[in-house]
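Asks: Please model the entire structure based on the sequences and the hints provided.
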Amino acid sequence: MKEIIQSKLDRMSDLQQRRILKNMMLDVFKGIIDYQEDVNQEIENRLFNEIQDRDDNFTIYNTIVKREKLDIVSDCLFPMKEEDYEEEQYDKKEILEKIRNNEPVKITKIYLKKSYPELIKMEREKHKFKGLIISEDKEIPIDIVLQHNEEYIAIEEEMYKIFMQNAVRWTTINNPYIRKFYDVVIAGCQEDMGELNEFEEIVFDLAELEEDKCVGYVPVWNIKKTTIKGEGFPLPTKDKVNYEHVIPYKNLGYENGYLLAPNQNMISLRKNKDGIIITSNESNSIVWELFAVLQENNSLINDQYEFSLLSNKKKKSFVDSFFNKGDKVIRSYSELNRMLKSFEVTNDLQIKGINILDDLSALEKDISYDFNSYIVDEIRADKFRKVLVIEFEAMELDYLKNDLISFITSEIQQYFPEYICKGVID
Amino acid sequence: MDYIWDVLIKAKNEGIDLKDVRFCFASGFSPYMELSDSCINFRDIDKDVEINPYYRFFDIFKDLFDANYYKNGELRDVLFDLVVHFLGELDLNRGMDRVEYHKWFFYRELIEGTFGQRGKENIKYFSIDEKNILIRNLYKLYITGDHIFYLKDTIKNIFKGSIVYLNKLDKNEFLVYIRQVDSSENLKKMELIEDLFLPINFSIKIYWKFHFGIIDVAETMRIGSIANY
Chain A
1 MKEIIQSKLD RMSDLQQRRI LKNMMLDVFK GIIDYQEDVN QEIENRLFNE
51 IQDRDDNFTI YNTIVKREKL DIVSDCLFPM KEEDYEEEQY DKKEILEKIR
101 NNEPVKITKI YLKKSYPELI KMEREKHKFK GLIISEDKEI PIDIVLQHNE
151 EYIAIEEEMY KIFMQNAVRW TTINNPYIRK FYDVVIAGCQ EDMGELNEFE
201 EIVFDLAELE EDKCVGYVPV WNIKKTTIKG EGFPLPTKDK VNYEHVIPYK
251 NLGYENGYLL APNQNMISLR KNKDGIIITS NESNSIVWEL FAVLQENNSL
301 INDQYEFSLL SNKKKKSFVD SFFNKGDKVI RSYSELNRML KSFEVTNDLQ
351 IKGINILDDL SALEKDISYD FNSYIVDEIR ADKFRKVLVI EFEAMELDYL
401 KNDLISFITS EIQQYFPEYI CKGVID
Chain B
1 MDYIWDVLIK AKNEGIDLKD VRFCFASGFS PYMELSDSCI NFRDIDKDVE
51 INPYYRFFDI FKDLFDANYY KNGELRDVLF DLVVHFLGEL DLNRGMDRVE
101 YHKWFFYREL IEGTFGQRGK ENIKYFSIDE KNILIRNLYK LYITGDHIFY
151 LKDTIKNIFK GSIVYLNKLD KNEFLVYIRQ VDSSENLKKM ELIEDLFLPI
201 NFSIKIYWKF HFGIIDVAET MRIGSIANY
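Just so you know, the sequences run in chain order A and B.
For the first sequence, the residue numbers in my numbering are 1 to 426.
For the second sequence, the residue numbers in my numbering are 1 to 229.
Don't read these hints as lab results, they were simulated from the structure.
Do not rely on the hints blindly, as some may be mistaken.
Quick partial rundown of chain A residues pointing at chain B, CB under 8 Å, derived from the structure [to be verified]: (1) 47; (2) 323; (3) 334; (4) 337; (5) 354; (6) 357; (7) 360.
We put the CB at the ideal spot given by N, CA and C, even for glycine.
Replies: As structure tokens, this is what we get:
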């Protein structure tokens, strides 16, 4: 509209009249037009947000940090495992005892900065590495093997169950880090250890992996466990009495997602302006165990971490929230693209094409894995499912490339249960 | 065309710059019509559009063209033109409802590349009318989830006179006959329609210009214009 005004003014021949009209237009009329545009924008935003306002504050952020640095970031990122706050301890006697009995002993865990195919290859080759038990008077050579660490994946699985118990929609957690942890295990000792029951340290050499090993790192995420007391009010339903327990926000926040820890007699949990409201058949006002999924914290935006902060954060998209309201599944090629683009981390990734194969044996190379391996499809048997191969456009990415496409493939898998979804990238 | 907004919509659809549309006070007009061009059934916007401002906006314009006042003629003409443009823009927002906004959001995300890079590029080949058909059906697809219905409907509406056959007997396949030629523009359009509506477990075969032969259907069995299935 403003361009129209300018253009029409420029075309006026009578200069005096042009000046008068120009002043009128620039003062009053421009104000009116601005006002009108603001009003239109406001209506548009209202309609956009009407559908946006679903509960989408369960974005999970994760990275790994050095154990010594844990406290500094603890206002928003917490170790997945509480024991990780403390230095690893080991009982030397017990270790020696186990070696004598030929039992494998786990001594520590390490993070390997390697891509998924490299790790798979390493696991398949079952390398044995050299190590030494160093005591005052002698050094005893030992065999070291690496075993995939599953403990953090188990914690993530627990979290999945908690999401289900709280009836919150699950979005695949984009956490490749916990899938690259390995336990360092003493597999055996050829030499006789004699009467040894004390040693100074254990050293080991991972040969070509030495460069990529990171020692003393722990996975952290933005889930905080807290306990808090609520106030109970009885509330009758048709056949029983329920109680509403109100937990005021205080130092919690409205923007966060809240989940109730399991086995707490919960019927439902919701939020309103005053606080978190738990409906339960528990009549006493008790202490509730909550998981707060923290959002909107500055530390979650600033990239100040040694290993980049990854998340399953969704972009603000109309179609995405519109789609998630419905119960229909759209199975078009564009929809695959849309799912890919709906996350912030996958914004630059492109799909090159798709391919449907009859079974897994036809798959040439398998370079993606399932992030949600713990979610079991109870309806379909694998051998009856076709394979949906999603080819991604090759691009410059670091060693986490396979993990990124695995993440998005795992998310697509949730919407296409009739296929086994696999991602491929050159 | 009956109203100011008819003119604006037509100008927008035909790619006419709104700066070049000039509304002016009709010298003689019918009290029952807003657009009062000397040629009542005019269809092209190639000159000034004469209107009767008192039809809807008597309160606004009752004093602007007072017959006893004749100074500053050009100022009043331009002012009138601008105010009518503004009122017309307001008109254009009046018909916006929830569905129109939702479709607009779909369109916006399509041109931003949410539905893939190819969608972002191929949408350029659609005319405004065709975009409307496409977005309307895309929106409805996301509500109902019925791929096949909207695929057929979109092809039929965008390529006039086309026929869509569905073969579900031995494989999931669409056969489409389109009367037009396979120009690069048409291929791009078809590509986007496939991307948006075709379920991934279906394939599609398109016959451009020539229909494939069907025994006993004389129209499809003319020598020299049969495609092979």
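Asks: If a hint holds in the structure, say so; if it doesn't, say that too.
Replies: Here's how the hints hold up against the structure:
no.: 1; hint: 47; in the structure: holds (5 Å)
no.: 2; hint: 323; in the structure: holds (6 Å)
no.: 3; hint: 334; in the structure: holds (4 Å)
no.: 4; hint: 337; in the structure: holds (3 Å)
no.: 5; hint: 354; in the structure: holds (6 Å)
no.: 6; hint: 357; in the structure: violated (12 Å)
no.: 7; hint: 360; in the structure: violated (17 Å)
Violated hints, listed in ascending order, are 6, 7; each of the other numbered hints is respected by the structure.
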